Each structure stands twice: as C-alpha cells, then as structure tokens.
Amino acid sequence: MVENKMKSFVPEAGTCIPWKIKKEEFGVLAGNEEIVKSSWEMLDALAYAFIWFWVQR
Amino acid sequence: MSDKEKLFQERFKRYTVALECGKPDKVPVVFPLGEWVVKYTNTTLQEAYYNVDKSNEIIGDVIRDLDFDVMFGAINLWWPPMFDGMDCKLYKFPGIYFEENSGFQYVEEEYMKAEDYDEFIANPTQWLATKYLPRICGEFAEPGSYRATVALIKGAAAFAMHNDKLTKTGEKWAKEYGIVSATTGMTKAPFDTLGDALRGTKGILLDLRRRPDKVLAACEAIVPHNIAYAMITAAGDTSLPCFAPLHKGAYPFLSLEHWQKYYWPSWKAVIEGLWALGKRTFFFAEGDWTPYLEKIAELPDKSIVFCIDLTDAKKAKKVLGGRFCLYGGVPTTLLTYGTPEEVKDCVKRAIDELGGDGGFVLAAGGVVMSDAKRENIVAMIEAAREYGVY
Numbered sequence: 001m002v003e004n005k006m007k008s009f010v011p012e013a014g015t016c017i018p019w020k021i022k023k024e025e026f027g028v029l030a031g032n033e034e035i036v037k038s039s040w041e042m043l044d045a046l047a048y049a050f051i052w053f054w055v056q057r
Numbered sequence: 058m059s060d061k062e063k064l065f066q067e068r069f070k071r072y073t074v075a076l077e078c079g080k081p082d083k084v085p086v087v088f089p090l091g092e093w094v095v096k097y098t099n100t101t102l103q104e105a106y107y108n109v110d111k112s113n114e115i116i117g118d119v120i121r122d123l124d125f126d127v128m129f130g131a132i133n134l135w136w137p138p139m140f141d142g143m144d145c146k147l148y149k150f151p152g153i154y155f156e157e158n159s160g161f162q163y164v165e166e167e168y169m170k171a172e173d174y175d176e177f178i179a180n181p182t183q184w185l186a187t188k189y190l191p192r193i194c195g196e197f198a199e200p201g202s203y204r205a206t207v208a209l210i211k212g213a214a215a216f217a218m219h220n221d222k223l224t225k226t227g228e229k230w231a232k233e234y235g236i237v238s239a240t241t242g243m244t245k246a247p248f249d250t251l252g253d254a255l256r257g258t259k260g261i262l263l264d265l266r267r268r269p270d271k272v273l274a275a276c277e278a279i280v281p282h283n284i285a286y287a288m289i290t291a292a293g294d295t296s297l298p299c300f301a302p303l304h305k306g307a308y309p310f311l312s313l314e315h316w317q318k319y320y321w322p323s324w325k326a327v328i329e330g331l332w333a334l335g336k337r338t339f340f341f342a343e344g345d346w347t348p349y350l351e352k353i354a355e356l357p358d359k360s361i362v363f364c365i366d367l368t369d370a371k372k373a374k375k376v377l378g379g380r381f382c383l384y385g386g387v388p389t390t391l392l393t394y395g396t397p398e399e400v401k402d403c404v405k406r407a408i409d410e411l412g413g414d415g416g417f418v419l420a421a422g423g424v425v426m427s428d429a430k431r432e433n434i435v436a437m438i439e440a441a442r443e444y445g446v447y
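Sequences listed follow chains A and B, in order. For what it's worth, my numbering labels the leading residue of the first sequence as 1, then goes sequentially. For what it's worth, my numbering labels the leading residue of the second sequence as 58, then goes sequentially.
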C-alpha cells in the first residue's frame, strides 16, 4: 500500500500544488532540480488556469 | 523582414503608442470580430463554434482586403467540445440544445451556495476543483469514478488543445495579415467573478443585504487569483493589455454606495497589482460608467485602456483623457441598426472629439455579436482611415 505523504496546504495564487510542497514529498533529488522544478511549475500553472477558467467567463 | 512583418511592426507601434497616450501617425482602428462574420457564409454557427479551422477560414475571407490595425473578439470564445466532454452546465450551444444557427447561452445558477463562502474564502482553488467542478459538470457526479476521471482527462486535453489553436491563430493573423491582437490574457473584477459564475446575479444581490462581510472577504480572496490568472493566460506578456470584461459594475446595476464599497476596491486592487507587474488592463466597460469616472481616474496613469460603450464620451475625455488611452467611439447598436453613412459620421465625430491629441483607438464600444451588418463594419474601418490621419 502506498504511504500517504500528502500534506494539507493552501496554495498561493497561480499555483495548485506549489513546488516547495512537492519537493518535500520527492525528498532529495538525484539530478538537476531546476529542470524538474520548471516543468512542474509550467504544468501546475496550466492546471491552475484550467480550474479558474470556469469562473472567469 | 517580409512586407507583412513590416506591416505588423507598423501597426503594433501605432497601437502601442496610442496605449501609452501618445499620438501615432494614424488613429489605430480595430476590427470587431464576432459571430456576424458567419452569417455571410454558408457555414452554420454550430460548425463555426465547433470547428476552429473552419472559423479561421471564414475570418480570413472577411479580413483579406480590409486595412485595419488590431483585431478584437472571437467566434470561438468557448469551444463546445470541451464543455460537451464534461457535460458542463454553464453553457448551452447549438448542436445539442439549440438548432444549428442559434447563438450560445449562459445558464446562470447559484453554483456556489451561501453556506460555501467560508470554505471558498479559506482555499479558493481547492474549493473550485473539489466542489465547484462537480456541481457544474454532469460527468463529475461521482468524483473519482471512471466517468469523472475520463471527463477530467477530456476537459484538460480540450483546454490545452483549444489554447494552442488560439495561440497559433494569433500568430497566423500576425504573420499572414500583419494584424495585432488587442489584448493578451484575461481577468475580471472580483465582484464579477463572484457574481457571474459562483453566486449568480440574484445570489450576490441578496448577499449585499444578508451577508455583506462575506462578499467583501470573498472579493479580497479573489484579488490575487485574478492577478495570477491574468499573467498566466497572457503567458507573461506585458506589451499588450489584459482583457477584462466588466459586467455588474456598469451603472445603474449597483447603487453608487454599493459600487464604491463592494465593486471598486477589489477591482482597483487587481488593476494596481497588474500594473505593478507592468501589465495594463483593458477596462472593457460595456454599458454606462459615467458616474464612476472620477473614481476610475484615481488609478495610476496609463494603467488602463478605458473602453467607451454607453459612457458619456465627452466626460470620459475630460476626466480620463491624456492619462489613460480611450478606446471605442462607435456604439454596437449603430453597427446593427445604422447605415454606412451614419457610421461614417459617427467615426468622424469620435475622432474629432476623442482622438485629436492621440491616446485614442477607434473601435466598437462593446462586443459585436451576430446581428451587425458587414457594410457598417467596412464603413467604420474605411472612415477611420479617411479621417484618422494625424
């Protein structure tokens, strides 16, 4: 069974799951953190825009 | 650099000089894109809504021989397949609900209940994802189910696909026609975000009497999100203003007292927040905003483009002119019910009254829908070129 490591948090505007939260869950990153971080934030922003799209008509 | 690229640069400069309240070589003129272009073809509105490539073909045929600087509006503002995939209740489109030449309709409900305020205020994004989406989408009736999971995949994929289409379309108009987009990104006044799609008109008007503190707290909670949403949807661009369709702030929807207390502070905070990031707001003031001009004048210089629909144009020029770019001058009703001669007279008058010292963009004052006449649009653009040379 997968251990539930997910914390509860209030994401700041522009984010759904901020990198700092996910980084803690990943633990130590073996490779280049910046590449992982920038891709995470790009997709997170898309998810954020999708969620808020429905009320910005 | 190709001729079209040179033309784009020339028009971009013309438009952005005006946005900065300067005097370009000519008054920039805006083509009002809308569903009206479809009625001059054999295509149905349903096909134009669903098929972005088809609607682009139609637009290309209409604009090919016209000389204008900036394009504003869209046929495919909402892409129905995205809504169909999630069984979204917010809109009804031709095809499933209406015959194929009907326009779309928004279905307003209290999708957020009065008792939801505290949870929404505490964590707006999570509340939207976990409570709002299941309420507005039939496919999400059982969150986590097979149907809901597939619908979420479809909705997100459609969102990305449509955004990509829109981006490529803007690039096509720039490259092949030398046309500049009026805006990049989108935002709203927090009161409109809350009143349009969450509480609904009836809900928010009752809230002003029954739970006014909740309205204020919710609007404050929305402010940073409407700044972030603008910058994300603009992909960080600050060269062009952010589109902001304004609904419940037009006079006399709210009393002056309610407007000052509930509508303006959070909307001003969004505009100032964007301006601090270098992003100007396209203050799309449909309807009449005359009583509020002095309050709007409190904004930082050049932080908005003020769009004149039914607002008193002379007063807008007096109160805002020189400090903010003014946009509009041609009522949408004239484009539907007027004649080309009346439109030309209106354009001449608008340029004389509003554009004499720059800081003015000639355009329709609101969204031009399906009932506008093509000959009036052409007359507007031709007259702008005839009378709009500085």
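Treat each hint with caution, since some may be false.
Claimed, not checked - Derived CB-CB ranges, DEER-like:
hint: 1; chain 1: B; residue 1: 62; chain 2: A; residue 2: 8; range: 50 to 56 Å
hint: 2; chain 1: B; residue 1: 179; chain 2: A; residue 2: 24; range: 20 to 26 Å
hint: 3; chain 1: B; residue 1: 158; chain 2: A; residue 2: 23; range: 50 to 56 Å
hint: 4; chain 1: B; residue 1: 426; chain 2: A; residue 2: 12; range: 47 to 53 Å
hint: 5; chain 1: A; residue 1: 32; chain 2: B; residue 2: 144; range: 38 to 44 Å
Hints were generated in silico from the structure; no laboratory data involved. These numbers were taken from a predicted model, which means no experiment stands behind them. Here a beta-carbon is modelled for each residue, glycine too, at the ideal position from N, C-alpha and C.
Taking the hints in turn, this is what the structure says about them:
1. In this structure the supplied range 50 to 56 Å holds for residue 62(B) paired with residue 8(A), their Cβ-Cβ distance being about 51 Å.
2. Checked against the hint of 20 to 26 Å, the C-beta distance between residue 179(B) and residue 24(A) comes to roughly 22 Å, which is consistent with it.
3. Between residue 158(B) and residue 23(A) the beta carbons are some 53 Å apart, a value that agrees with the proposed interval 50 to 56 Å.
4. For the pair residue 426(B) and residue 12(A), the supplied restraint of 47 to 53 Å is violated, since their beta-carbon distance comes to about 38 Å.
5. Between residue 32(A) and residue 144(B) the Cβ separation comes to about 42 Å, which falls inside the hinted range of 38 to 44 Å.
In summary, the one numbered hint that this structure violates is 4.
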